[in-house]
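Visitor: Chains as they are written, first to last, in our numbering: chain A, 1 to 391; chain B, 1001 to 1288.
Since the hints were derived computationally from the structure, they do not count as laboratory data.
All of these numbers come straight from a predicted model, not from anything done at the bench.
There's no promise every hint is true.
[Unchecked claim] Which residues of chain A face chain B? A partial, calculated answer using Cβ under 10 Å: (1) Gln-44; (2) Ile-174; (3) Gly-207; (4) Thr-208; (5) Ala-212; (6) Val-238; (7) Gln-242; (8) Arg-265; (9) Val-272; (10) Ile-305; (11) Pro-347; (12) Gly-350; (13) Gly-352.
[What the hints assert, rightly or not] Under the rule of at most 20 Å between Cα atoms (straight-line distance), these lysine to any residue pairs were calculated in the SDA-like manner: (14) Lys-222(A) with His-1129(B); (15) Lys-322(A) with Phe-353(A); (16) Lys-222(A) with Met-1130(B); (17) Lys-302(A) with Gly-1114(B); (18) Lys-222(A) with Phe-1004(B); (19) Lys-302(A) with Val-1112(B); (20) Lys-160(A) with Glu-387(A); (21) Lys-376(A) with Arg-265(A); (22) Lys-379(A) with Asn-275(A); (23) Lys-222(A) with Thr-1125(B); (24) Lys-74(A) with Lys-140(A); (25) Lys-357(A) with Val-388(A); (26) Lys-222(A) with Phe-1256(B); (27) Lys-222(A) with Val-1135(B); (28) Lys-222(A) with Tyr-1255(B); (29) Lys-222(A) with Val-1005(B); (30) Lys-71(A) with Lys-376(A); (31) Lys-222(A) with Gln-1003(B); (32) Lys-140(A) with Pro-118(A); (33) Lys-358(A) with Pro-343(A); (34) Lys-274(A) with Thr-1125(B); (35) Lys-222(A) with Gly-1114(B); (36) Lys-333(A) with Asn-94(A); (37) Lys-222(A) with Gly-1131(B); (38) Lys-222(A) with Gly-1257(B); (39) Lys-298(A) with Pro-287(A); (40) Lys-140(A) with Lys-357(A).
Ideal Cβ placement from N, Cα and C applies to all residues, glycine included.
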Amino acid sequence: MTGEPTMKRQLFAAALLTLPATAFADDCEMKLGAMGPMSGGAAQWGLAMNSAAELAAAEVNQEGGVKIGGKSCKVVVVPYDSKYTADGAAAGSNALAAQDIHLIIGPVGSPEATGIKPVAARNEQVAWNASYAKNALEPKFPLMFHIGPGPSGWADAVIKRAMQEFPMKSVALIAPNDQGGTDIASVDAEAYKANGITTTEEYYQRGTTNFAPIVTRILAGKPDAVDTASSPPGDAGVIVKQLRLAGFTGAIGRLGGPGTAEIVRVSGGLDVLKNFYWFETVPTEDPKVRAIDDEYRKLLGKDPIGGTAVWADLPAARMTLKAVSIAGTDDAKAVAAALRTMPVEDPNIGKGFWAGKKQFGIAQELQFPFGVGIIKDGKNLGVERQEVKPE
Amino acid sequence: MDQFVQAALIGISLGAQYALLALGFTLIFGILGVVNFSHGGFYMLGGYVAYSCVAFLGLPYPLAVLVAVAATAALGWVFELFLLERLVDDHLATLMLTLGLYLVISTGLLTVFGPLSMEFAFPVTGALHMGPIYVPRENLIVLAVCLTAIAALWLVLYRTDLGRGLRALADDRAVAMAQGLRPKLLFPLAFAIATGLAGLTGALVTPILSLSPGVGDPVLATSFLTVILGGLGSLEGAALAAFVVGIVEAFSSVYFGGSIGALVLFVLVLLLLVFRPTGLMGRTVRGA
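Chain B on its own, in the form it takes in the complex (with noise of 0.2 Å):
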């Protein structure tokens, strides 16, 4: 039992974390239509820009996320204005654009930083022990910024006139250009709320595991795993996806070992796909 709620508990943590990868991921593909291979590097440098910020400037470590944030969606939306913009239509080019900015930062990084990890630790350490079941501090912080996020995002997109062009966009951009939403104003600011996502869970993440110029390579793998689970541009299903995808790794993991969890979750998202390929929300937001 004490290792039922281990897992349990490791699961949710791990969802959460997740799901602010998976939003931003699926948010980019809902709207624009853009599969954005670059998402992971966006995570890495999340992480670098705080740790520079704590390790260099000597800046607090919230003060430091919340450059973190403000660095990468500046550069997603510089990127998605001068460079994605003029190709957006086109699904080959974007794949190669956004797969080569990847490619640009974490080039970048290891030139800058070097390949070994870096000391970069979370302020908060420790962890609750209820008898053998524990929950790490940092995790619970995390967690919590991790949700209030989620709200907020949820609170823009549903509660906003913002949130409900962007989601005109998503259901049908002509009709949606027609009633004077303007894409070319849109379209970065949806790049860069995505990227400031998963900059901000590599802020959050990176000091509680580990940073160096690889940890974005198993991101993006995670994030497409897990917005095709929950249907490929959908807000609901990614983030119910990204707790499911969580919670099955953490109860795989631990019952049958880290090899066998790994193909737990594959296994199970070629069984959806075969049996619901429009993903757990079953609603396809946009025809790819």
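Chain A extracted, bound-state conformation (with noise of 0.2 Å):
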């Protein structure tokens, strides 16, 4: 009979121990909006903003959560999947209102920021886009804020170190003939002509699956390179084996977004695609930046989803919820203000600087180092980190 209650306190101590070590404030949790393409050809930037959001949060609810009105709240991450379309990003921005949210990492393309920026701006709502639009930042809407900068301010150091791998007086840029594709094309034709290299732009309709056409009409200008661009990773996969099967041996470049891997393996291993240059949003090859995923597992037991782009996301979601706390609220307006007096820096990733000023007129810009990647000859010669200096 002794034995009873005994075994309840052991239970009970038993109960205690599998209980989470932190404790949340009852009713209180925050949702934080993810959104990005999250199927389709460049699903894989949108499921990194995701993967950056859920590590953001993991971490944070280590902590105890963020902290509003004096309760520490838990993070829960709300994804969104808005297709890589103008329309998809407005109707995400609604369907994340809707559930009260006021603070959205992402989303990913230009159209998408186009779509976003004035439905944000109405449901007072913090986003971070990671598009290269050439209006990706503008004064009128101060909700928005920046991931990185685009092709403006860093392509120009990535073609000075093509140039030393892989000689080049003309380069035929693809990509899509939507302004995911022409704002960016656009501007590494700009930098590449300022190196004294021609240039031709290729522009392909979103959904085309075989390239052949167009690589046939890409080849008949004889370029030394050619430039896939802002094209998503499975396009720029199928066109880098199409170019391959054509007779191209130059050297093929991104100067886009990230997606290297899925390059690599759509179009067949490092053999075929041979030689190549691309721009690396962070140095991926730092350990500590590396050493993210380890984290992300650790925390979350599991992958995450999205190759390099998560670690460019990561810092804008962690200074977010920092910027909850400071602010002790998650009120859009709130929280921008907190967010602009932080200095810009990530334990991983390291030091940066608010940017965008002088494209933009608006400094809501993160920049951190970023990298080059060069692969010859069939070998990966690696990530090469490059320094950047405030504006």
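Using the hints, build the complex out of the two chains.
Guide: Pasting the structure below:
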């Protein structure tokens, strides 16, 4: 008989041990939106946004959550697939607003950025777009922030490094014919021209699956190099495969969004890719940067999805949650004000700067060190770190 | 001239692939009167089944293609027999059912395989080069298989009792039933043949291009465009239109670029609908 209370105490103690180490205030939960294309050819980029938001949320929750109105609140990530379209992102802003979500990590593409800006402003939401649009930020949308600079911030450095390995006099750029393609390819083209390289631009309808006719058209111009610019990684992989099948032996570049691993996989491997140069949003060879994936696995018990883009998106998510605790609220205007006062620094990526005043007239763009990758004769030479300077 | 020949070769190759897809699509419309919005889903499924057979079961690629055809045909048969058959004369209901099936297939594949492209390569690589002209070996094999499948389908439809039965149902269901033909047996069979063709195309083409959960979307658009051009429900029209679409796409993309190339195709279909609404073959097989 005397054993029963002892057993109850033991069971109670065991139950206590299984509870999470952190304690959140009852009924206090803050939802954080994660938006981007989570299906289709650009899915990798949207899923990276979600993985970055998940990791930032897990880190904060481990420390007790965000501080809102004196309470410790658990952060819950709500993903939204905006399908790389303007209407998808606009609908996403409304859908998240309907769930009382004021802070969004994302969206990704230029069409999405164009779609979300006015709607998120009306819904009073902070949003972090990662697009390379020429108008990714505008002073009339002060709640919009930018995850990193477009090609005007790094294309020149990548081209100069590529020219050391692959001397070139002419380049053909290929990209989708919407804003997500034209905004980047045209800026890339200017950067090539500034380095004395002649350029041609070829655009295709998003959704194209067979690039053989376009490859034939490109090769008729006999370019020294072909740049896949902002083509989704799946498309870029097919383009590379069909270029090589057609007998093209020159260098292939990618002055656009991340996705080299998928390009390698779809094209058929490093031997097919052969000579390749690309921009990385962060220095991907840095062990501290790579440790982000280990941290994700440790806290979430699964692999992050999205490749190197997760690493580039993470600082925005971390800074946003930190700004919530500083502001003591998830009100978008208060969080935006707190963000503007914070130094640009990330425990894994390092120190950066607020930028964007020169290009957009509003300094709400994160600028961190980035990377330039080179594959030569089928051998991956790695990603070199490129430092940045304040504007 | 080199560019002209290259564009023609690409156009023929595209045309054969589009023909396989369009024949299945138009077969279902011609016989059942159903616009199959899940056609792209069966294309994707064919690719994923073949990929799974190669990657996880270690089957040789040709066997994997056969398994993909069997699996997509079986799913099509079951879907028609147990779901579509009950509402086959309700156009709105069949539209929703097939669209729903497409969403189930694409979301299911996304959940199981993830959003990224699979590493799925065609077993034969390289190209035959004749000066500046090139023909990928894999395209030659796919072209041969596509043409064989089209010929086999023609033989079944025009040289067998089964084909005569299917065509009789397409021409006039009431009279065909009065003659003793059984739609409950033939409809699922027709649906299975069509989805098997879509699965075959997916298993053949996705290793050449790419395999991800979004690859079915453009398939539906291309199939629709092709069968409208050929005459909705007309098998000969679909085959002819598929090669017209492939060749127009190749030439317009090579000479005018990727953006205008897509536009040329839609303008062509628009003009045809204005001046010849019944399509290239000019015969209404069934009243929709």
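Visitor: If any of the earlier hints don't hold here, list their numbers in rising order.
Guide: When the structure is compared with the hints, numbers 11, 12, 13, 23, 24, 30, 35 turn out to be violated.
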